[in-house]
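J.: Whenever a hint applies, use it, and build me the whole structure from the sequences.
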Amino acid sequence: MIMSKNDFILKAEGLHKSYRMGATEVRVLKGVNLNIKKGEFVAIIGASGSGKSTLLHILGALDRPTKGVVQFEQRDLSRFRAGELNRFRNRMVGFVFQFYHLLDELSVLENVFLPAMTGKSIVGWFACRRQVKNRAKEVLIQMGLAERIKHKPYQLSGGERQRVAIGRALMNEPRLLLADEPTGNLDSATGNGILDVLEALNRAGQTIVMVTHDERIAQRAGRIVTLADGKI
Amino acid sequence: MYKIILATRYLLKRRITYFAILAVALSVFIVIVVMTVMGGLVNEFKEKNHRFAGDCVVGTESLVGFAYYEDFVNLMEQQDFVEAVSPVIKSFALKRRRGSDQDDIAEIMGIDPVRHSQATGFGDTLYYHNDDVSRTFEIASDANLVGCVLGDFMLLQDTNSRYLSETSLPRIPYSISCFPLTARGALAQAGTDMVNTKTFYFSDQSSSGLPRVDGSVIYLPFEEAQLLCGMAGSTKRASRLHIRFKPDVKIDIGCEKVRSLWQKFRQDKAGETQAYTTDTVTVQGWKQYRRESIAPMENEQTEMSVMFGFVGITTVFIVLVVFYMIISHKSKDIGILKSIGVSNVDIIELFSGYAFLVGILGSGIGLLAGWIFLLKINQIEDWLFQHYGFQLWDRTIYAIGDIPNQVEFKVLAIIVVSAIAACLAGALIPSLQAARQKPVETLQVGQL
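If you're matching them up, the sequences are chains B and R in order.
According to this note's numbering, the first sequence is numbered sequentially starting from 25.
According to this note's numbering, the second sequence is numbered sequentially starting from 246.
Bear in mind the hints are in silico, worked out from the structure with no lab data behind them.
Idealized CB from N, CA, C, for every residue including glycine.
Keep in mind that a hint or two might mislead.
[Stated by the list, open to error] Which stretches of chain B does chain R cover? Using the computed rule of at least three CB atoms under 8 angstroms from a CB of chain R, they are:
no. : stretch
1   : 45 to 56
2   : 109 to 120
3   : 134 to 145
T.: Encoded structure:
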C-alpha cells in the first residue's frame, strides 16, 4: 500500500541529540528516523538510558534536537516561534509522564481543565468555564474518576493519579498523545488498567506514542520501534 | 485566570510564604510607626519655629541694629498683604537673679507684646497672660515695677520648678546688664557707666516649645530694651521686624514683595546719616531665618529616610531569598506548566502575581498593626510610665505634649506601594530564572 504524505501525523528525520557533561559530549540520539501515522499506537522500546524519553520530548517540542527535523502535519517544528510552540504543546499534543506530574495545589478537576485555562483571560475564562468544566468532568468519567473530582492528587492512588494525568493530556483533544513510561511507577494490575485506557483511546482514533523499557507492555501497542545505541 | 488560582493556592499552601508576609508586615509596621512619629515631631518643630518667627523677618545679626525701622514699619503696615509687623530689639546681656552671686549670659528680646503677638505666636506661649497680652509686663502688686518674661527652661534652671503658682506669682527680681552700642558699633558709654543695668521682675513665662529659645531668651518691654542697648537715641534703631502676612498670601510671594519694598526703601534712605546701618539687613522667610534650628532636624529626617531605604532593601532581599526557595521547590510545577503550553511570560506573571499577593497581604497586615499601634501609642506610653517609669521622650528635654500619631494617608500610600514594589523587585530575578528553566530538566525524576 502506498502511503500519502498526509497520512503521517509526525515525521522525524535524522534526529541527533547530544549533551555536554563537563568536558565530555554524550551523544544520545544518532540519526533517528521515525514516522507516525494518524491513529497509530506506537511503542518505542529500549534499554534504560537509550534516549527514549529524550526522543519523546523532542517529538513533543519539549526539547530541541541538536540536528535533524521534526515535522508535525507537514510543519517543521524548528520553524515555530515561541508562542507557536506553546500553542502546539497546549493543543496538538498531550503528555503523560511516568511520575504523573500533577499540581498538588489543585483539585483533580482543576488539574484536568488546567490546559484549557491557559491562554484565556479572566473574561474569556468566565465566558467558557461551564463548558470547560463539563468537558473535564466528561473526561474524568471516561477515566472512571467521577467520584474523585474534588480530591487532591495526593489523596489518590498511583493508578488514579495516572488516569488524572491522562485526562489532563486529553482535555484539549490533542492530535497526538505522548506517554513516557506511563506504567513505570505502577504495579502490574494497575499498569494493565492504564494500558486498557490507552488501548481504548487508540481504538477511538487517538494517535499514541508510548515509551517503555518493558517488552510485554510494548506488545499492547500496534507497532513496536526499538531504540538502541541512539538509532532505530 | 489559572495564574490567579495558582498564585493564591501557593500563598495559602506554602508555609514559607508566611515568613515573607511577616517580613513585609514588620517592615511596613516599623516604617509607618517611625515615619509618623518622627515626621510628626519634625512638622511640630517646624510649626513652632514658624510661630516663633512669624512669616517673614527683616533684620540684621549685628548688635547695632538698623535705623529708620519705624518708617519701614509704617510702610509695611500700609501694604494690603501684611497683617501685622513687630519691631524687636535683640541683644545679649548678663542676667543675675537677686540673691544670687552668679551672672548668666542671656539673650534679650525687646518686644511690644501686643504687636509681637499679632505678628507671631508669642501670646500663645505665655503661661499667665495669654488671654490678655497687653498686661504681659505688668506686676500686679506694684505698677511702678517693670516685668520680664522668661523662657520656661530658664525658669526651671532658676527655680527648679517648671511652673510657678498661678494664684500668687512670686516677685523674682532680675538685674539685666547690657553694653549699649553706638550706631557705629562702639561702646556708647565709658568708665563706670559702660554698662546699662536695670532690674526687671518676673511677670510671666514663655513656652515656645523650642528648647534653645526657652532656655536662653528673656523678653523685655521694647522701649526698655532699646534703652539698655543704646538704640534709643535721636535716630532710633531696632534689630529686626517680624511680619505676619494676610492668611491668603503665600509666604514666598509675600517675602519677595517685602524684599523689593526694602530695596526701594534703602535707596530712598541712602542719603540719611545712618543709612550704613541698613547694609547688613536681610529679608528672610521664616524657614530661612530659622534654618540653623530646622536644618539639623531636616538632616535627621533625610538620614532616617535613607535608613528606611535600607529597611526596604532588606525586605527586597528577604523576599528574594524566600522566592528563590519557593521557586526551587516549584521547578517541577514550572516544567508541568510548560508541558501544557504555558509561556515564559505567563510563568513570570504567575510568580509576580504571587509576590504581589505577598506584598498586599504583608503591607495590609503591617499597615493595620501600625495604625492600631499609633492610635494607642500615647496610652501605651502612659501605661509604661505608670507601671515602669519609662518614658520614650523625656518631656523635660523634648518640648512635646503627646507623641505625634497623626497618620498621613499620602505617607501610608507611599509605604504600601513601596512594599509591594519591593516584593515585586525581590521576586523578579527568581521569576526570570523560573521562566528560563527548561521543562525537560525540571521534569527529571530527581527533581524536588
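J.: Out of the numbered hints, which ones does the structure contradict?
T.: 1
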